[in-house]
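Student: Taking the hints into account, I'd like the entire structure generated from these sequences.
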Amino acid sequence: MKSFFELIYCKECGHSLENPYPEFITCCTKGTLCHHDKNVDKEIEEYNKKLTYQKHNKPVIFIGMGTCGLASGAGKVKVEIENVLKEQKIKADIVSVGCIGYCAKEPIVDIKLPDGDRVSYCEVTPKDVKELIDTTINKKGIYKKKVLGTFGEGNEEVTSIHDNPFFKYQKKIVLQNCGIINPESIDEYIAHGGFKGLDKALRLMKPAEVVDEILRSGLRGRGGGGFLTGKKWEFALQQESEQKYVICNADEGDPGAFMDRSVLESDPYKLVEGMAIAAYAIGASAGYIYCRAEYPLAIERINNTINKCKEYGLLGKNILGSGFNLELKVKKGAGAFVCGEETALIASIEGERGMPRPRPPYPAVSGLWGKPTIINNVETLANIASIIVKGADWFASVGTEKSKGTKVFALSGKIANSGLIEVPMGVTLNDVIFKIGGGIPNGKKFKAVQIGGPSGGCLPESVIETSVDYESLREVGAMMGSGGFVVMDEDTCMVDVARYFMTFIQNESCGKCVPCREGTKRMLEIIERIPKKYQKDGNKLEQFQRFKGIIHLRRLAEVIQNTSLCGLGQSAPNPVLSGLKYFRHEYEEHLYERKCSAGVCKDLLVYKIDPKACTGCTVCAKKCPVEAIVGEKKHPHHIIVDKCIKCGLCYENCKFNAISFK
Amino acid sequence: MLISEKQALTERVGMLVQKYGNSRSALIPILQDIQYNFKYVSDFEQQEVARLLDIHPVEVYSVVSFYSFLSPNIRGKYIVRLCQTISCELSGKEKVAKAIERELGIKFGETTKDKKFTLEYTNCMGMCDQSPAMMINEKVYANLTPEKAVQILKEVK
Ligand SMILES: Cc1cc2nc3c(=O)[nH]c(=O)nc-3n(C[C@H](O)[C@H](O)[C@H](O)COP(=O)(O)O)c2cc1C
Ligand code: SF4
Ligand code: SF4
Ligand code: SF4
Ligand code: FES
Ligand code: FES
Numbered sequence: 000m001k002s003f004f005e006l007i008y009c010k011e012c013g014h015s016l017e018n019p020y021p022e023f024i025t026c027c028t029k030g031t032l033c034h035h036d037k038n039v040d041k042e043i044e045e046y047n048k049k050l051t052y053q054k055h056n057k058p059v060i061f062i063g064m065g066t067c068g069l070a071s072g073a074g075k076v077k078v079e080i081e082n083v084l085k086e087q088k089i090k091a092d093i094v095s096v097g098c099i100g101y102c103a104k105e106p107i108v109d110i111k112l113p114d115g116d117r118v119s120y121c122e123v124t125p126k127d128v129k130e131l132i133d134t135t136i137n138k139k140g141i142y143k144k145k146v147l148g149t150f151g152e153g154n155e156e157v158t159s160i161h162d163n164p165f166f167k168y169q170k171k172i173v174l175q176n177c178g179i180i181n182p183e184s185i186d187e188y189i190a191h192g193g194f195k196g197l198d199k200a201l202r203l204m205k206p207a208e209v210v211d212e213i214l215r216s217g218l219r220g221r222g223g224g225g226f227l228t229g230k231k232w233e234f235a236l237q238q239e240s241e242q243k244y245v246i247c248n249a250d251e252g253d254p255g256a257f258m259d260r261s262v263l264e265s266d267p268y269k270l271v272e273g274m275a276i277a278a279y280a281i282g283a284s285a286g287y288i289y290c291r292a293e294y295p296l297a298i299e300r301i302n303n304t305i306n307k308c309k310e311y312g313l314l315g316k317n318i319l320g321s322g323f324n325l326e327l328k329v330k331k332g333a334g335a336f337v338c339g340e341e342t343a344l345i346a347s348i349e350g351e352r353g354m355p356r357p358r359p360p361y362p363a364v365s366g367l368w369g370k371p372t373i374i375n376n377v378e379t380l381a382n383i384a385s386i387i388v389k390g391a392d393w394f395a396s397v398g399t400e401k402s403k404g405t406k407v408f409a410l411s412g413k414i415a416n417s418g419l420i421e422v423p424m425g426v427t428l429n430d431v432i433f434k435i436g437g438g439i440p441n442g443k444k445f446k447a448v449q450i451g452g453p454s455g456g457c458l459p460e461s462v463i464e465t466s467v468d469y470e471s472l473r474e475v476g477a478m479m480g481s482g483g484f485v486v487m488d489e490d491t492c493m494v495d496v497a498r499y500f501m502t503f504i505q506n507e508s509c510g511k512c513v514p515c516r517e518g519t520k521r522m523l524e525i526i527e528r529i530p531k532k533y534q535k536d537g538n539k540l541e542q543f544q545r546f547k548g549i550i551h552l553r554r555l556a557e558v559i560q561n562t563s564l565c566g567l568g569q570s571a572p573n574p575v576l577s578g579l580k581y582f583r584h585e586y587e588e589h590l591y592e593r594k595c596s597a598g599v600c601k602d603l604l605v606y607k608i609d610p611k612a613c614t615g616c617t618v619c620a621k622k623c624p625v626e627a628i629v630g631e632k633k634h635p636h637h638i639i640v641d642k643c644i645k646c647g648l649c650y651e652n653c654k655f656n657a658i659s660f661k
Numbered sequence: 000m001l002i003s004e005k006q007a008l009t010e011r012v013g014m015l016v017q018k019y020g021n022s023r024s025a026l027i028p029i030l031q032d033i034q035y036n037f038k039y040v041s042d043f044e045q046q047e048v049a050r051l052l053d054i055h056p057v058e059v060y061s062v063v064s065f066y067s068f069l070s071p072n073i074r075g076k077y078i079v080r081l082c083q084t085i086s087c088e089l090s091g092k093e094k095v096a097k098a099i100e101r102e103l104g105i106k107f108g109e110t111t112k113d114k115k116f117t118l119e120y121t122n123c124m125g126m127c128d129q130s131p132a133m134m135i136n137e138k139v140y141a142n143l144t145p146e147k148a149v150q151i152l153k154e155v156k
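Same order as they appear, the protein sequences are chains A and B.
For the first sequence, numbering that gives the first Met the number 0 assigns the number 0 to the initial residue and increments by one for each residue that follows.
For the second sequence, numbering that gives the first Met the number 0 assigns the number 0 to the initial residue and increments by one for each residue that follows.
Do not rely on the hints blindly, as some may be mistaken.
Claimed, not checked - Negatives, chain A to chain B, calculated, CB over 12 Å:
1) L6
2) N38
3) K41
4) I89
5) C98
6) D253
7) E299
8) N306
9) M354
10) A391
11) S461
12) R473
13) L555
14) G566
15) V625
16) I639
To be verified - BS3-like, lysine-lysine: derived pairs with alpha carbons at most 27 Å apart:
17) A:K75 - B:K147
18) B:K94 - A:K661
19) B:K76 - A:K75
Because the hints were derived from the structure by calculation, they are not lab data.
Built from N, CA and C at the ideal position, the CB exists for glycine as well.
Tutor: Listed below in structure tokens is the structure:
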């Protein structure tokens with residue numbers, strides 16, 4: 000079939016890239032406006048139905064092939080599907096889609112028969128493929144073993160995917176197309192309503208009107224700060240300058256965050272459309288997408304997207320005949336967390352070391368090469384097109400008083416349904432973790448959830464009814480951050496988590512200012528000393544230093560917060576402070592009782608054999624690398640504490656659960 | 000280094016400068032290209048880049064040493080980057096790390112004698128939902144167990 004471009008950019012009507020056709024997007028979905036040939040309208044209608052998978056004559060097989068899907072073996076599943084199709088001479092289309100967010104259940108394969116509903120199957124392995132194809136395509140049935148749900152109405156045979164608790168409480172704006180459409184096909188994006196926002200903005204709205212719409216929608220930055228996006232754009236619009244820039248911050252570095260990666264991989268056109276609207280609104284003619292090097296697939300997809308958009312005249316000169324020009328380029332990061340900070344990111348694009356500089360001047364006034372620049376997060380920009388199409392009021396009707404719209408969260412850690420979810424602002428932590436996330440696996444107890452990455456905090460059960468929005472999270476001592484949601488269970492030690500985050504911050508500090516460079520190092524030392532035993536039984540001096548550190552900890556934290564140059568330093572003490580606030584007892588237990596009840600801090604563990612449970616099987620004694628276990632065959636064994644190096648091998652190998660270490 | 004080798008390098012750097020331009024903002028893309036093809040940016044190459052971009056070699060070095068994906072030291076053909084970030088930490092990256100160290104016979108931060116493998120830690124690469132995760136050059140492997148990690152390394156070898 001012909002592409003939209005071939006269908007609509009016909010020579011007879013005189014459209015060409017040099018003479019672009021302003022109604023292009025409308026024609027793609029509604030049929031030609033200027034064209035005399037009614038056959039083309041028919042063709043366009045058919046093509047749209049095909050692209051939205053309403054009408055097709057072969058079965059279509061969708062495979063989730065984001066990085067997440069590939070890592071869990073989607074590649075092998077695809078090869079196997081191709082083989083089986085070839086073997087059995089079945090004609091079917093295979094479409095690689097992005098990820099739908101249900102990572103715990105990858106690889107996910109959807110199958111849609113020409114006159115049936117799209118049915119989703121999860122955790123598909125190459126071994127399943129034969130039976131899956133046989134049951135679904137040959138026998139037109141449901142492969143019950145792995146079925147996740149149908150995209151249509153549920154029936155007695157298969158439930159609707161929308162009734163699955165994981166999807167039921169979600170509201171998808173940003174992730175709407177993710178896992179549904181082929182992220183490489185521009186036509187599919189257009190058929191699914193894509194570029195309508197850009198079309199509307201360019202043809203019907205003045206830049207100031209676009210800015211106003213975004214301002215009224217109440218959209219706030221999703222990259223961490225939560226600054227009103229419309230305000231930022233307004234500043235940039237007001238600047239007089241012949242050159243302005245728009246930058247997309249795709250440097251997603253927060254531990255436990257992978258929302259942006261998913262958008263970049265699964266719906267890159269939405270991001271590019273958002274950027275184009277942003278550029279039009281502030282009067283920028285060039286833009287950069289700064290993407291971290293750890294996301295090779297995302298970089299490839301974005302490059303492909305930019306090229307396709309150029310071919311269609313949706314980027315480049317005189318876009319849709321509006322006189323608006325935009326060049327977009329991808330800049331690859333090089334593995335520095337601090338480059339997520341906006342001024343550091345600008346320095347990195349300019350070819351310098353990625354070090355932040357003091358603000359003001361804000362980038363909106365003086366940014367890239369001293370020109371007015373707006374920097375927005377991927378998710379922020381992915382919201383733009385929907386707001387323009389559906390209006391500010393629609394967007395503002397979702398969410399809470401001050402936090403509008405939805406937020407994407409990345410669930411990981413000790414949670415049953417790990418993955419990506421998008422929920423309206425204002426749902427509670429409880430909803431996210433237990434209703435959608437399915438709670439804690441293996442019957443363990445919930446201990447804390449870490450929100451907002453290294454600048455956020457750990458929240459305990461007692462505040463689990465907190466609403467998820469910018470203000471409420473700040474009140475309880477965490478931060479919306481970029482949306483990482485790391486769930487921890489009873490086996491996690493909060494002192495260890497604090498140590499972990501301090502190590503991270505300390506490593507990633509760019510070193511420009513003293514409080515952050517030196518302060519975080521000292522803070523880490525203090526934390527590290529808490530669970531350490533430097534000498535066998537710990538002497539008085541060591542104890543003294545430990546307590547002295549604790550006494551200074553809070554003051555040190557305040558100095559770092561108040562005097563650091565950039566957000567990294569200013570928020571560096573947060574994980575420790577929120578730990579002290581909610582898990583003080585754990586710190587005290589480590590300090591006074593010299594005990595780690597989560598069983599994590601090695602130096603404080605004591606391995607013991609319960610003589611009642613021990614059968615004297617000698618396995619542990621054989622496994623112990625330092626011969627710390629003594630005992631006779633068929634008699635209870637004993638661990639010599641002084642010799643034990645706490646490797647845990649005996650615990651792992653005892654079949655009678657006779658060994659404990661807490 | 001032989002003169003002919005030097006000339007070849009100079010030529011190659013020259014080509015890169017033509018490809019990416021000689022502005023300051025081309026510096027990182029040029030270095031990334033060198034890094035991608037040679038796995039490290041040698042002193043000589045740094046000097047050549049500096050000469051062609053008309054900046055001080057120290058500036059080039061300061062950039063190379065700042066970014067963890069650029070390296071001034073020789074590295075292996077395969078760069079194994081294990082995620083050391085929180086989700087992976089919670090799901091047992093330590094055991095995987097030990098297994099990899101044992102398999103390759105080197106510690107993190109080192110390169111094998113045959114210059115085949117370099118072992119490094121990296122920060123979260125967005126695979127937290129399927130942690131622990133690692134990258135070998137540009138390919139991501141997730142849901143690692145010590146056995147699986149060793150198996151993957153064997154396949155790469
Ligand atoms: C240390 C540090 C790291 C950051 N990392 C990111 C990041 O990875 N992605 C991001 O979008 N914003 C990050 N930010 C926030 C940016 O500085 C900036 O506020 C944001 O990109 C603005 O976009 P928004 O208004 O759309 O949120 C980081 C900030 C700091 C201080
Ligand atoms: S606060 Fe830390 S990361 Fe930020 S500029 Fe200072 S040293 Fe660099
Ligand atoms: S392995 Fe368990 S049962 Fe066997 S000797 Fe050791 S402690 Fe006793
Ligand atoms: S923990 Fe390790 S060193 Fe200690 S007794 Fe058990 S096997 Fe031996
Ligand atoms: S399903 Fe893809 S990130 Fe999870
Ligand atoms: S924490 Fe390891 S990939 Fe995110």
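Student: Determine for every hint whether it applies to the structure shown.
Tutor: Status of the hints after comparison with the structure:
| no. | hint | verdict |
| --- | --- | --- |
| 1 | L6 | holds, 36 Å |
| 2 | N38 | holds, 46 Å |
| 3 | K41 | holds, 44 Å |
| 4 | I89 | holds, 31 Å |
| 5 | C98 | violated, 10 Å |
| 6 | D253 | violated, 7 Å |
| 7 | E299 | violated, 10 Å |
| 8 | N306 | holds, 17 Å |
| 9 | M354 | violated, 8 Å |
| 10 | A391 | holds, 31 Å |
| 11 | S461 | holds, 22 Å |
| 12 | R473 | holds, 21 Å |
| 13 | L555 | holds, 23 Å |
| 14 | G566 | holds, 17 Å |
| 15 | V625 | holds, 16 Å |
| 16 | I639 | holds, 24 Å |
| 17 | A:K75 - B:K147 | holds, 16 Å |
| 18 | B:K94 - A:K661 | holds, 20 Å |
| 19 | B:K76 - A:K75 | holds, 25 Å |
The earlier numbered hints that this structure contradicts are 5, 6, 7, 9.
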